[in-house]
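**Student:** Each chain is listed here by its residues.
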Amino acid sequence: MVEWAQIVGSKGPLLTADGLCKAFARVPVLWPVSLRLEAGGSVAVFGPNGSGKTTLLRLLAGVSRPTSGTASICGHQLADERRAAQSHVGFLGHDSYLYDDLTGEEHLQFFGRLRGLRFDRFELLGTLDIVGLGRAGRARVKSYSSGMRRRLGLAWLLLAQPEVLLLDEPHVSLDRDGQELVDELIRGACRSGHALVVASHDTDRVAQLCERVVVLDRGRVVYEGLSLDWRRSGPLWTLGAAPG
Amino acid sequence: MMAQLMAIVRKDLLLEWRGKANLNALTVLALMIVLTMSFALGSDPTRLRLTAPAVVWVAIVFAAVLAFVRAYQMESENRCFEGMLLAGADPRAIYLAKLAVAALTMLVLEVVVIPTILLLDGIALGPRIWGLLPIAVLGTAGLSAVGSLYGRLTMAVRAREVMLPLLVLPVVVPIVLAAARASDLLFHGPAGQLGTWVGLLVVADVVLVTAGLLTYESIAED
Chain A
703 MVEWAQIVGS KGPLLTADGL CKAFARVPVL WPVSLRLEAG GSVAVFGPNG
753 SGKTTLLRLL AGVSRPTSGT ASICGHQLAD ERRAAQSHVG FLGHDSYLYD
803 DLTGEEHLQF FGRLRGLRFD RFELLGTLDI VGLGRAGRAR VKSYSSGMRR
853 RLGLAWLLLA QPEVLLLDEP HVSLDRDGQE LVDELIRGAC RSGHALVVAS
903 HDTDRVAQLC ERVVVLDRGR VVYEGLSLDW RRSGPLWTLG AAPG
Chain B
325 MMAQLMAIVR KDLLLEWRGK ANLNALTVLA LMIVLTMSFA LGSDPTRLRL
375 TAPAVVWVAI VFAAVLAFVR AYQMESENRC FEGMLLAGAD PRAIYLAKLA
425 VAALTMLVLE VVVIPTILLL DGIALGPRIW GLLPIAVLGT AGLSAVGSLY
475 GRLTMAVRAR EVMLPLLVLP VVVPIVLAAA RASDLLFHGP AGQLGTWVGL
525 LVVADVVLVT AGLLTYESIA ED
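Protein chains in written order, with the working numbering: chain A, 703 to 946; chain B, 325 to 546.
Treat each hint with caution, since some may be false.
Said to hold, decoys possible - Residues from chain A shown here face chain B by an in silico Cβ test under 10 Å; the list is partial:
(1) T769
(2) R784
(3) D802
Unchecked claim - Examples of chain B residues lying across from chain A (beta carbon under 10 Å, computed):
(4) R342
(5) E401
(6) F405
(7) D414
(8) P458
Stated by the list, open to error - Estimated spans, in silico, between C-beta atoms of each pair:
(9) B:M325 to A:L930: 43 to 51 Å
(10) A:A725 to B:M487: 21 to 29 Å
(11) A:D879 to B:L493: 49 to 57 Å
(12) B:V497 to A:G777: 43 to 51 Å
The hints are simulated quantities; they were obtained by calculation from the structure and are not laboratory data. C-beta atoms are modelled at their ideal positions from N, C-alpha and C, and glycine is treated no differently.
Make a model of the complete structure from these sequences and hints.
**Tutor:** Right, dumping it as structure tokens:
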């Protein structure tokens, strides 16, 4: 059973992005993107490969600096208070951020200490059980499959309980059980007042989980609206052929 | 910040212990450098004794550069460095932890290498060996301060094994010079100038660690 702490007493939006742009070597990869998520808000980001989904999530996570524009997490500006902002963010990206020679449990304890959290053994084992890694928690990560690494990332999110969740292709590498676990995690997080940004190619699945949809194409926002409207007009917005 | 520093030191030492082939390889490399230079310098015992401090520090510097490459190699795999930042690590804690672990690794290596060359070159291991301890600690701290900073700078560079020595070696010249001169004076005298070189090491360490702390945050991000 996935359990999220209820977000209470949130004043103002949990996440705001205002005109975020990114260029690499003066080549723009993301044109101005603006977002605003209140507690319990969720947005799905769709787009073909290279459309800027991961770039957007990395900017929101504070691991990449925008060329222009601003973003804030729980009232902390990423440009000026990056660490304070990141303490409210959980980022599940393409990279596992795991050391091959540490065990799953050691990773969770290590990341917890960096965030000022202490987990008792009961808490750790319980969370590892939820994500289906109960027995593997004491094994070194080098013996993990990519799906197991993904599950360990989910375990970290459940333990850290960040207010803002940034999930980049969260269903990738997971078996059917794992994908359902991600669905349950997203639904539970929304119900508990967390804010979510989910980038995915699995449009049918993720559009059902999030309340809004943003579609990117070659770095530009080409659609923004309610996921209900997206699902109705879905066939017109086949990814890779979005009208410019 | 202290709790973060300790957590990163613990993690790095655990990884170092589990992949201890790294320390073994560094020690063997340092010993090979010492032996090769001893052979190249010939069999004149006086010359060997006089050059021993310089040989030791050259061996330590080259082994240290490899240790710095390794320290950041494990952070670049799976973007682990970024993972630490995302988990909320203070970049200054990362810097000090990298510095501490690199220094500890080098000190373990020095415990093997320094007595070996002293024995090889016929230098008596008297009570003066304890005088070498602060020189080794100060010299190693200075090297680690530079290596931990430049290691991060070159982490994302494809040819980092080449780039890191090119950046580190010119900067550590004053440390190597001071450490080698202080070691030389300790064993061969006159001891009067020893304080000057040890003082230089202290000043260099303070300047380098301060510079590292002030600049690391800006280079830690993407």
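**Student:** Evaluate each hint against the coordinates.
**Tutor:** Results of checking the hints against the structure:
Hint status for A:T769 relative to chain B: violated, with the closest Cβ pair at about 12 Å, above 10 Å. Annotation: interface hint on A:R784 holds; nearest CB of chain B at approximately 8 Å, less than 10 Å. Because the beta carbon of A:D802 sits about 7 Å from the nearest beta carbon in chain B, less than 10 Å, this interface hint is met. Contact between B:R342 and chain A, as hinted, is supported at the beta carbon level, the nearest pair being about 4 Å apart and thus within 10 Å.
With its C-beta approaching chain A no nearer than about 7 Å, B:E401 sits inside the 10 Å limit, and its interface hint holds. With its C-beta approaching chain A no nearer than about 9 Å, B:F405 sits inside the 10 Å limit, and its interface hint holds. The beta carbon of B:D414 is positioned within 10 Å of a beta carbon in chain A (closest approach about 7 Å), and the interface hint is therefore held. The restraint placing B:P458 at the interface with chain A is violated, with a minimum CB-CB distance near 32 Å, outside the 10 Å limit.
Hint check: B:M325 to A:L930, Cβ distance near 47 Å, so the stated range 43 to 51 Å holds. Between A:A725 and B:M487 the Cβ separation comes to about 25 Å, which falls inside the hinted range of 21 to 29 Å. As the Cβ distance of A:D879 to B:L493 is approximately 53 Å, the hint placing it in 49 to 57 Å holds. Between B:V497 and A:G777 the C-beta distance comes to about 48 Å, which sits within the given range of 43 to 51 Å.
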